[in-house]
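Chain residues, written in single-letter form:
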Amino acid sequence: MVERKGALARILPHLVLLTGVAIVAFPVYLALIGATHESSVIANGQMPLTPGGAALDSYYRAIVIGPSRTTREPVGTMLLNSFTMAMLIAVGKIAISLLSAFAVVYFRFPFRKAAFWMIFITLMLPVEVRIYPTYKVAADLGLLDTMAGLTLPLIASATATLLFRQFFMTVPDELVEASKIDGAGPMKFFFDTLLPLSRTNMAALFVILFIYGWNQYLWPLLITTRDDMQTIVIGIKKMIVTSDAITEWQIVMATAVLAMLPPVLIVIVMQKLFVRGLVETEK
Amino acid sequence: MASVTLSAVSKIYHGGVEAVRGVSFEVPDGSFCVLVGPSGCGKSTLLRMIAGLETITGGTVRIGERVVNDIEPADRDIAMVFQNYALYPHMSVYDNMAYGLRNRGTPKAEIEARVAEAARILAIEPFLDRRPRQLSGGQRQRVAMGRAIVRKPQVFLFDEPLSNLDAKLRVQMRVEIKRLQRSLGVTSVYVTHDQVEAMTLSDVLVVMNAGQVEQIGRPIDLYRKPATRFVAGFLGSPAMNFLPGTVVDARTVSIGGGTLRVAPGTGTAGPGTTVEVGIRPEDLRIAAPGEGLRVAVEFIEELGATQLVHGRLGDAPLTIQVATGEAPSGDAFEIAASPEALHLFDPATTARL
Ligand SMILES: Nc1ncnc2c1ncn2[C@@H]1O[C@H](COP(=O)(O)OP(=O)(O)OP(=O)(O)O)[C@@H](O)[C@H]1O
Ligand SMILES: [Mg+2]
Chain C
1 MVERKGALAR ILPHLVLLTG VAIVAFPVYL ALIGATHESS VIANGQMPLT PGGAALDSYY
61 RAIVIGPSRT TREPVGTMLL NSFTMAMLIA VGKIAISLLS AFAVVYFRFP FRKAAFWMIF
121 ITLMLPVEVR IYPTYKVAAD LGLLDTMAGL TLPLIASATA TLLFRQFFMT VPDELVEASK
181 IDGAGPMKFF FDTLLPLSRT NMAALFVILF IYGWNQYLWP LLITTRDDMQ TIVIGIKKMI
241 VTSDAITEWQ IVMATAVLAM LPPVLIVIVM QKLFVRGLVE TEK
Chain X
1 MASVTLSAVS KIYHGGVEAV RGVSFEVPDG SFCVLVGPSG CGKSTLLRMI AGLETITGGT
61 VRIGERVVND IEPADRDIAM VFQNYALYPH MSVYDNMAYG LRNRGTPKAE IEARVAEAAR
121 ILAIEPFLDR RPRQLSGGQR QRVAMGRAIV RKPQVFLFDE PLSNLDAKLR VQMRVEIKRL
181 QRSLGVTSVY VTHDQVEAMT LSDVLVVMNA GQVEQIGRPI DLYRKPATRF VAGFLGSPAM
241 NFLPGTVVDA RTVSIGGGTL RVAPGTGTAG PGTTVEVGIR PEDLRIAAPG EGLRVAVEFI
301 EELGATQLVH GRLGDAPLTI QVATGEAPSG DAFEIAASPE ALHLFDPATT ARL
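Note that the protein sequences, when read in sequence, are chains C and X.
Here the first sequence is numbered in UniProt numbering, starting from 1 and rising by one per residue.
Here the second sequence is numbered in UniProt numbering, starting from 1 and rising by one per residue.
Check before you lean on any hint, since a few could be wrong.
Under the rule of at most 20 angstroms between Cα atoms (straight-line distance), these lysine to any residue pairs were calculated in the SDA-like manner [claimed, not checked]:
id, chain 1, residue 1, chain 2, residue 2
1, C, Lys180, X, Asp95
2, C, Lys188, X, Asp95
3, X, Lys152, X, Arg133
4, C, Lys238, C, Leu258
5, C, Lys136, C, Leu152
6, C, Lys113, C, Ile96
7, C, Lys188, X, Met91
8, C, Lys180, X, Lys225
9, C, Lys180, X, Glu54
10, C, Lys237, C, Leu80
11, C, Lys180, X, Phe242
12, C, Lys188, X, Arg102
13, C, Lys180, X, Asp77
14, C, Lys180, X, Leu47
15, X, Lys152, X, Ser31
16, C, Lys188, C, Ala204
17, X, Lys225, X, Glu110
18, C, Lys180, X, Met91
19, C, Lys188, X, Asp75
20, C, Lys237, C, Tyr59
21, C, Lys188, X, Asn103
22, X, Lys225, X, Arg251
23, C, Lys180, X, Tyr88
24, C, Lys188, X, Thr349
25, C, Lys180, X, Asp75
26, C, Lys237, C, Ser39
27, C, Lys188, X, Ala74
28, C, Lys180, X, Thr106
29, X, Lys152, X, Leu165
30, C, Lys180, X, Leu180
31, C, Lys136, C, Lys188
32, C, Lys113, C, Met169
33, X, Lys108, X, Met91
34, C, Lys272, C, Leu261
35, C, Lys188, X, Glu72
Covered stretches of chain X (in silico footprint by chain C; criterion: 3 or more residues with CB under 8 angstroms from a CB of chain C, positions within the stretch not fixed) [what the hints assert, rightly or not]:
id, region
36, 95-109
37, 207-213
With the Cβ distance kept under 7 angstroms, some of the chain C side facing chain X (calculated, not the full set) [stated by the list, open to error]:
id, residue
38, Glu38
39, Glu177
40, Lys180
Hint data in this document are derived by calculation from the structure and do not stem from the laboratory.
Computed from a predicted model, the values in this text were never measured in an experiment.
Quick reminder that beta carbons are idealized off the backbone N, C-alpha and C, glycines included.
Okay, chain X solo, but in the shape it has when bound (with noise of 0.2 angstroms):
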């Protein structure tokens, strides 16, 4: 197995599109990294580099201790699994998994065996002699996935692998891969959109923007200390509360009327100085009336075990996430929130204070 290291990598296309901006991170050796970010924010791009499908503009890419940037894509000792699969629709599924050992010149025997532990691993056993076209959209990822492993290469990359499943399938074969990567401990680097998928697959994750990487760091830590309003409204569903606030001292922010309580330890500006307060929707709860914000009510989702609570707070739209049955039934109510739970952001810089 080997770590992937990243050094200032970036990418600027014929054109002049500049995809990847100097980016830099190790993914260490068995973890499985996560890179998310909106659509065109260059993560594909960055998978293609350290796949060797794409050339390096700058800085270096390093699988182990081998800078890579001059290796081809089929001596870097990696495997990728495709969105749309890229299976040989003409191969069975047998010599879709076999064709990259045999251009190895692997002995005949071990290809076999290889090919035979991996489809019983994958449950894809009863497809060998089938074509992919014969198969179902679950069935060819694995097939994919299949292709992968006989491999058994340093580094597995994803990209968006999951994205032509239905939402079902794609949940039972998330948990598979992640299974999959705990078993076999190979480093991955998994591309998606999904921040569901980013939070649950990874021990690395990367959230990149507009060609930059935001924010590096196991889920949680940037699910509960987001260090960009950008990351803070990317992770969690539903989206991140902001609401334009104004510091009052360093424990009290107003808002809207009212003041919250912040918690001690986070950072805050001069008494007077504009923040942007950041609240997660399932962090509010319902005050009493006279203890909290007041917010106007819209509407209600229902989505089973919660609710939300579209509403407004001043002008600023908010969302409350609460248990189905504790919505409230007037058209406006009020709220607090616990003083961990406040994000403050500078405004100009979107910084975390």
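Isolated chain C (complex conformation) (with noise of 0.2 angstroms):
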């Protein structure tokens, strides 16, 4: 709609944004400044909006030492047991749901409908809910403190599941239908025309999985208890010590920083086909 506005109703879009944007930055802002200053200026109580001069020695003690007092591990460790954890809770997630979407959708089987309900009802039971036995579960079978128990319980997907049975239930029939008549079996068919059909989905769902995996902090605080199978999320937390001790604050900030880096790197290198997955319509 082509309209002539006054003035006012065109800034104040903007104004709305802009405000927005600002809401949202500042913070990310004063973690990245408050990593440039010694630890004293924080600790006593300022919180300056310019930049100080100690970034490189936070940066390095972030990532090398760690904080002197609190956690032993350093980010570097944090960061790669984060990157693992995420990565497998997204390509499982993936796989799995994939196959499942796969089966509903494809191949009748006794009880189809009933398999398909459990997966939509488990969608009402995230881990919050079910964490108490999950956890006896992880625990009887040995899980704890390891990657296994780490992601396991969180790849069952039924987000992802449903969202590639629409997908696939888009695929016209007569697809299917060539492919046989091409010679391709049930997994040939599956992994020759499905699988590419679904790119741009699975990379969309690959970048909101990853992050769902980074951010995770209940299960892994539970879960893991040795410090070199800490996760970032529950790392920062560890860091900031509220009894005697006086916490680190910028390197508190800068592994925050460093934190934020990965998922970041995932959405810009995944951008494109991320924003193709959510907007294609095209078959």
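Dock the two chains into a complex; use the hints.
Following this line, the structure appears as structure tokens:
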């Protein structure tokens, strides 16, 4: 619609958007700035808005040494743990849900409807709700303090299954039939036709799930006790000491900034596919 | 090559829909068979049973000597062209054609040769690297044909392959399909609801209605001697006129107050029997006043070379096709038809008399 509008009507949307951006961006800015000051500055109750000169030292200590008193692991290890966990969760979730959606859409098996509804119902039971039984099972299986224990319970995913199911149902039946005539069995159809067609959906989902995995807090907190299994999100929490010791805020800030980087990188790398996956309708 | 033989084939879908009931016919080796009929009459179902995409509820389907009821589509030695082409969107045109051959383990050099040849025949060589979405409808159609050709199958199956094309392209592709089938000599079964396609393409024409075969034969025979009122009304455009009549004697029927002569040999019934008289619009001509049946003119459609006069004979609607300029100017005129042009049908059974 093309309309002539007054100056205010034109500026107002921008103002609203800019305010929104400022609200979101300001804490990030504070973290960036905070990481550049000596430990004494924030501890003294100041929160400067201009950069200080200790940036290199903060990041060096965050990555290589770790804070002097609290966590014993440097950020590098925690980043790696988080990355492995988020990766396994995202890839695992996509693989499992692709396969289950494939089964639900393309095969007639007994209790197919029931299977579908059971998957659907788990939507209403996120980890937080079933955390005690899940912990019990993980503990009995000896999965505490292992990468498997960290990721497996988070992998089952109703949301992704439903998404792929919706997508598969839009794939024309004639493609399946053409594949049959071309001599492709079910799994060959899955790998040769369905997977390539789902590429953009997979990319979009990967970004979302990676960030979901990266941000996990409660489950890793329960399942890991060893320092070398710690994820970055938990690491940050542990750096903030509430009792007598002094929190090394510049390192907390540096760590927070570092913790933001991998998801940002993933988004940037996958951006093109991600956006296409969200908007594409053409089959 | 091979013939296709159907014996008492039937299909009942889940939920009890009886889509095909006891259909039997044979498509001779190398001939072009067209299945035609109104929407929902079971044409696609029948074709899909031949392809193996639908289980067969009853009867047998043979390709050559082999009963294929329980054989996988890929092993039936058939190729199918779908209405929506069903090209793999993520593969190049080349890969679309090569995919089936690769799955069968055809040697690479052989695949290349076959695809190249099909591409040459269909004039799609410039597009081999493109994706289907980068092609026009007609080009996609050709690729779909190419995918069928490279397999060198015993039987081609087509399910309304031209219905997504515009009218002009449809005529062009129709001719091409016919030419291709002639030169390859592959037995073909072709489903359409377009009676022009049906008439022009087929060696064997099968008219279906409500899951059953109404009539099978050479298209011109079906046109000249339709076995039922349904076939008579379905083939031919504009459609045949049906007028209520009464048999006067073996050579005469009375219609709307006048009489028409019936050719000797046309089956007829005892005097006084009511019959349905079918006359094609192109078989009617304008008669001199006092010599024919009186028709009231309602309106005239101009088709360019011909004119369609829509009118009424008594209560019955009637269409007459005449060369442009011959349509009468008044609001009533008289018509006549040669005795050979009359088809008589039993109103109760709809069968030809
Ligand atoms: N999968 C199915 N399940 C149940 N009934 C079906 C199924 N497919 C088709 N039918 C029914 O079977 C009958 C024949 O269908 P079919 O698709 O063979 O018709 P058609 O002659 O090809 O029609 P059209 O010209 O519209 O394509 C129809 O009444 C249809 O509703
Ligand atoms: Mg159909």
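Okay, the hints, checked on the actual structure:
no., hint, verdict
1, C:Lys180 / X:Asp95, "16 angstroms, holds"
2, C:Lys188 / X:Asp95, "15 angstroms, holds"
3, X:Lys152 / X:Arg133, "26 angstroms, violated"
4, C:Lys238 / C:Leu258, "16 angstroms, holds"
5, C:Lys136 / C:Leu152, "14 angstroms, holds"
6, C:Lys113 / C:Ile96, "18 angstroms, holds"
7, C:Lys188 / X:Met91, "15 angstroms, holds"
8, C:Lys180 / X:Lys225, "41 angstroms, violated"
9, C:Lys180 / X:Glu54, "12 angstroms, holds"
10, C:Lys237 / C:Leu80, "17 angstroms, holds"
11, C:Lys180 / X:Phe242, "46 angstroms, violated"
12, C:Lys188 / X:Arg102, "12 angstroms, holds"
13, C:Lys180 / X:Asp77, "12 angstroms, holds"
14, C:Lys180 / X:Leu47, "15 angstroms, holds"
15, X:Lys152 / X:Ser31, "16 angstroms, holds"
16, C:Lys188 / C:Ala204, "24 angstroms, violated"
17, X:Lys225 / X:Glu110, "48 angstroms, violated"
18, C:Lys180 / X:Met91, "16 angstroms, holds"
19, C:Lys188 / X:Asp75, "16 angstroms, holds"
20, C:Lys237 / C:Tyr59, "18 angstroms, holds"
21, C:Lys188 / X:Asn103, "9 angstroms, holds"
22, X:Lys225 / X:Arg251, "18 angstroms, holds"
23, C:Lys180 / X:Tyr88, "13 angstroms, holds"
24, C:Lys188 / X:Thr349, "52 angstroms, violated"
25, C:Lys180 / X:Asp75, "10 angstroms, holds"
26, C:Lys237 / C:Ser39, "17 angstroms, holds"
27, C:Lys188 / X:Ala74, "13 angstroms, holds"
28, C:Lys180 / X:Thr106, "17 angstroms, holds"
29, X:Lys152 / X:Leu165, "25 angstroms, violated"
30, C:Lys180 / X:Leu180, "25 angstroms, violated"
31, C:Lys136 / C:Lys188, "39 angstroms, violated"
32, C:Lys113 / C:Met169, "15 angstroms, holds"
33, X:Lys108 / X:Met91, "17 angstroms, holds"
34, C:Lys272 / C:Leu261, "18 angstroms, holds"
35, C:Lys188 / X:Glu72, "15 angstroms, holds"
36, 95-109, "holds (count 4)"
37, 207-213, "violated (count 0)"
38, Glu38, "56 angstroms, violated"
39, Glu177, "5 angstroms, holds"
40, Lys180, "5 angstroms, holds"
Hints 3, 8, 11, 16, 17, 24, 29, 30, 31, 37, 38, counting from the list given before, are not met by this structure.
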